[in-house]
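Participant: Given chain A, put chain B in place with the hints provided.
Chains A and B, in that order, give the protein sequences.
For the first sequence, the working numbering gives the first residue as 1, with consecutive numbering after it.
For the second sequence, the working numbering gives the first residue as 1, with consecutive numbering after it.
Some hints could be false.
Stated by the list, open to error - Not close to chain A: a few residues of chain B, all C-beta gaps over 10 Å, as computed:
| id | residue |
| --- | --- |
| 1 | Arg35 |
| 2 | Ile37 |
| 3 | Pro38 |
| 4 | Asp44 |
| 5 | Thr51 |
| 6 | Met53 |
| 7 | Arg55 |
| 8 | Glu125 |
| 9 | Phe129 |
| 10 | Gln147 |
| 11 | Gly174 |
| 12 | Ala238 |
| 13 | Asn248 |
| 14 | Phe250 |
| 15 | Ile253 |
What the hints assert, rightly or not - Computed footprint of chain B on chain A; a stretch qualifies when at least three of its residues, placed anywhere within it, have a C-beta under 8 Å from a C-beta of chain B:
| id | region |
| --- | --- |
| 16 | 22-35 |
| 17 | 122-135 |
| 18 | 143-154 |
| 19 | 158-171 |
Just so you know, the hints here were simulated from the structure itself, not pulled from any lab data.
We put the beta carbon where it would ideally sit given N, CA and C, even for glycine.
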Amino acid sequence: MTKRRLIALVTFLAGLYYFLEFVVPPTVPWRTLRGEVVSVSPTAIVLRVDGQERQIAIEPNLIAYRERPTGAPERVEPAQLRVGDRAQVGPSTYLSDWITSVNNFFIVLGAMAWGMGLISLVMVHSGNIRRRRPEWYGSVLFFVAVAGGMVAGLGYGVESGWLKEANDVVFNYLLRPMSSTVFSLLAFHMATASYRAFRVRSGEAALMMASAFIVMLGQIPIGLWLTHGLPSFLQLPVMAQWILYIANSAAVRGMWFGMMVGAIAVGLRFWLSLERGAFFDREL
Amino acid sequence: MEHANLQILVAIALFMFFILGNIHAARRGRARFIRRIPGLNEIDEAIGRATEMGRPMIFHPGVGEVQNVGTLAALGVLGHVARRAAQMGSRVIVTTAIPVVVPVAEDIVKQAYAQAGRPELFNPEDIRFLAASGDQLALATANVMTQEKTAAHFFFGMYDYTSLLLTEPGQRTGAIQIAGTDQYFQVPFFIASCDYTVIGEELYAASAYLTRDPIMLGSLVGQDYSKIIVLAVILLGAFSVTFLGSQNPFVQIIGVYR
Chain A
1 MTKRRLIALV TFLAGLYYFL EFVVPPTVPW RTLRGEVVSV SPTAIVLRVD GQERQIAIEP
61 NLIAYRERPT GAPERVEPAQ LRVGDRAQVG PSTYLSDWIT SVNNFFIVLG AMAWGMGLIS
121 LVMVHSGNIR RRRPEWYGSV LFFVAVAGGM VAGLGYGVES GWLKEANDVV FNYLLRPMSS
181 TVFSLLAFHM ATASYRAFRV RSGEAALMMA SAFIVMLGQI PIGLWLTHGL PSFLQLPVMA
241 QWILYIANSA AVRGMWFGMM VGAIAVGLRF WLSLERGAFF DREL
Chain B
1 MEHANLQILV AIALFMFFIL GNIHAARRGR ARFIRRIPGL NEIDEAIGRA TEMGRPMIFH
61 PGVGEVQNVG TLAALGVLGH VARRAAQMGS RVIVTTAIPV VVPVAEDIVK QAYAQAGRPE
121 LFNPEDIRFL AASGDQLALA TANVMTQEKT AAHFFFGMYD YTSLLLTEPG QRTGAIQIAG
181 TDQYFQVPFF IASCDYTVIG EELYAASAYL TRDPIMLGSL VGQDYSKIIV LAVILLGAFS
241 VTFLGSQNPF VQIIGVYR
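Pulled out of the complex, with its shape left as it was, chain A reads as follows:
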């Protein structure tokens, strides 16, 4: 139970930081000035606020945002502001200053997990060899590949020599073509999956088949050639565009709204350790 309480506490604190970083303004609201930049020097910025000129000394904790006609204001170094810019300038609330360090911390944690991944692989493959499971010799090859990959990895960035050759052979002449081969399998998988999906077994399947037929023909010249004599709204390219950008977009946006709200709910459950089942079998 202590371990779970610790996990819950760390989760809450980490979540709280990200939550506050998002909702707390980056500058102290009551000390932030918003106006037009009149002059910028290495030591101070002069802003025109409500017709009055206000001088702000450039200190290490000073943050500046340049306003843009559209979109969120862009964070810039105070000295990067230009005369005539609309800007918000104020002392930092410090939360945003740590975001890079906190993100780096998680990247380091993630990197440590690669070791666990390797341990998992070693456990599985050494077990295969020990118990002489079917195709155990493939597991021997795994250890050879790991050793070879590690040595070849040392050749990354090397200009010449056998290490560079080894790196090229393993990563460029073996791994890359193999990945492309696997990727190309997708074409065949798509064909078989489409065949199954397009067998008209129900009303929904028929609708899907008809829509796919229109969209596919609408994307190629023969679609226009077949229907060019019809009124424009009955021409295949027009119908295909309508399906793609009107009907499909409406459905996709509906899904998106649901997912976004769902993501907030899942986030809240994890943040407050209310999630049950897999993570916390009972209430803390």
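Facilitator: Below, chain B alone, put in the same frame as chain A:
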């Protein structure tokens, strides 16, 4: 990093109020009803079928990092699948390309077997980090399917183009396949190659639906109230722009065209 403006702050506060409010109401014993999700109902069926056949099953928690919401939701489903499998004395093999998922999945499955009183059935070798890239993982998972003669495959979480590389070989083995993803580009592939598909937000609702925990169900109801608010804002926005123009007071308050 983007920061919340006033409108977003109000929206977050409203969503939190509805979700936490409904969780509080659920804690006090108010019964909650949620609609049936066929894909999730079939999970127990698939586990039962695999157990009857005496074959293991595969759980694949997607290709997203562990902090991805889809992956978190998938790990919630893994907890349920592992617990049911443990109760029935069956085996679950977890395959992943994300190393951080390995210890988390191991902990979840181990805990599930321990809770079911069958800790001896847990085998750490069944939690497999098979490859570092998605397409290699798909091939390796297909190999596990044929070697272990698996009878049920669960694909939950975030997926990319590898979705079809995973499910098509599975389809050919004759195993029952259930998938759920929040990546709508992959949904058609899952529908074409799986027996049941859980779409979009249903994935996020999965652990609440499966555990039937009143508090979790409360959060689902709160989620639905939040969606009603979003829908109302969309409708009001559409009507106000249609009849009052794009600079009407409602649009100004919402800040759409800022």
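Participant: Each hint needs a verdict: does it hold in this structure or not?
Facilitator: To see whether the hints hold, each was checked on the structure:
Listed as a non-interface residue, Arg35(B) keeps its Cβ farther than 10 Å from every Cβ of chain A; the least gap is roughly 13 Å. The claim that Ile37(B) is not at the interface with chain A holds, since no C-beta of that chain comes within 10 Å of its own (minimum 13 Å). At roughly 14 Å from the closest C-beta of chain A, the C-beta of Pro38(B) stays outside 10 Å, upholding its exclusion from the interface. For Asp44(B), the condition that its CB be more than 10 Å from all CB atoms of chain A holds, with the nearest at approximately 14 Å.
With a minimum CB-CB distance of about 20 Å to chain A, Thr51(B) clears the 10 Å threshold, and the non-interface call stands. For Met53(B), the requirement that its beta carbon stay farther than 10 Å from each beta carbon of chain A is met, with the minimum near 19 Å. The non-interface label for Arg55(B) is consistent with chain A: the shortest C-beta to C-beta separation is roughly 16 Å, beyond 10 Å. Against the 10 Å criterion, Glu125(B) falls within the reach of chain A, whose nearest CB is about 5 Å from its own CB.
Consistency note on Phe129(B): stated as away from chain A, yet its beta-carbon is not over 10 Å from all of that chain's, at 4 Å minimum. Once the 10 Å rule is applied to beta carbons, Gln147(B) is inconsistent with being away from chain A; the minimum gap is 7 Å. No Cβ of chain A approaches the Cβ of Gly174(B) within 10 Å, the least distance being about 14 Å, so the stated non-interface status holds. Residue placement check: Ala238(B) keeps its beta carbon more than 10 Å from all beta carbons of chain A (closest about 12 Å).
Residue placement check: Asn248(B) keeps its beta carbon more than 10 Å from all beta carbons of chain A (closest about 19 Å). At roughly 18 Å, the least C-beta separation between Phe250(B) and chain A is larger than 10 Å, which holds for a residue marked as non-interface. The claim that Ile253(B) is not at the interface with chain A holds, since no C-beta of that chain comes within 10 Å of its own (minimum 18 Å). Coverage of a stretch by a chain is defined here by at least three residues with a beta carbon nearer than 8 Å to that chain's beta carbons; for the region 22-35 of chain A and chain B the count is 5, and the condition holds.
Counting residues of the region 122-135 of chain A whose beta carbon lies closer than 8 Å to any beta carbon of chain B gives 5, which meets the minimum of three for the stated coverage. Only residues whose C-beta sits within less than 8 Å of a C-beta in chain B count toward coverage, and the region 143-154 of chain A has 0 of them, not enough to reach three; the restraint is violated. With 0 residues having a beta carbon nearer than 8 Å to a beta carbon of chain B, the region 158-171 of chain A misses the requirement of three or more and the stated coverage is violated.
Hint compliance for this structure: hints 8, 9, 10, 18 and 19 are broken, all remaining hints hold.
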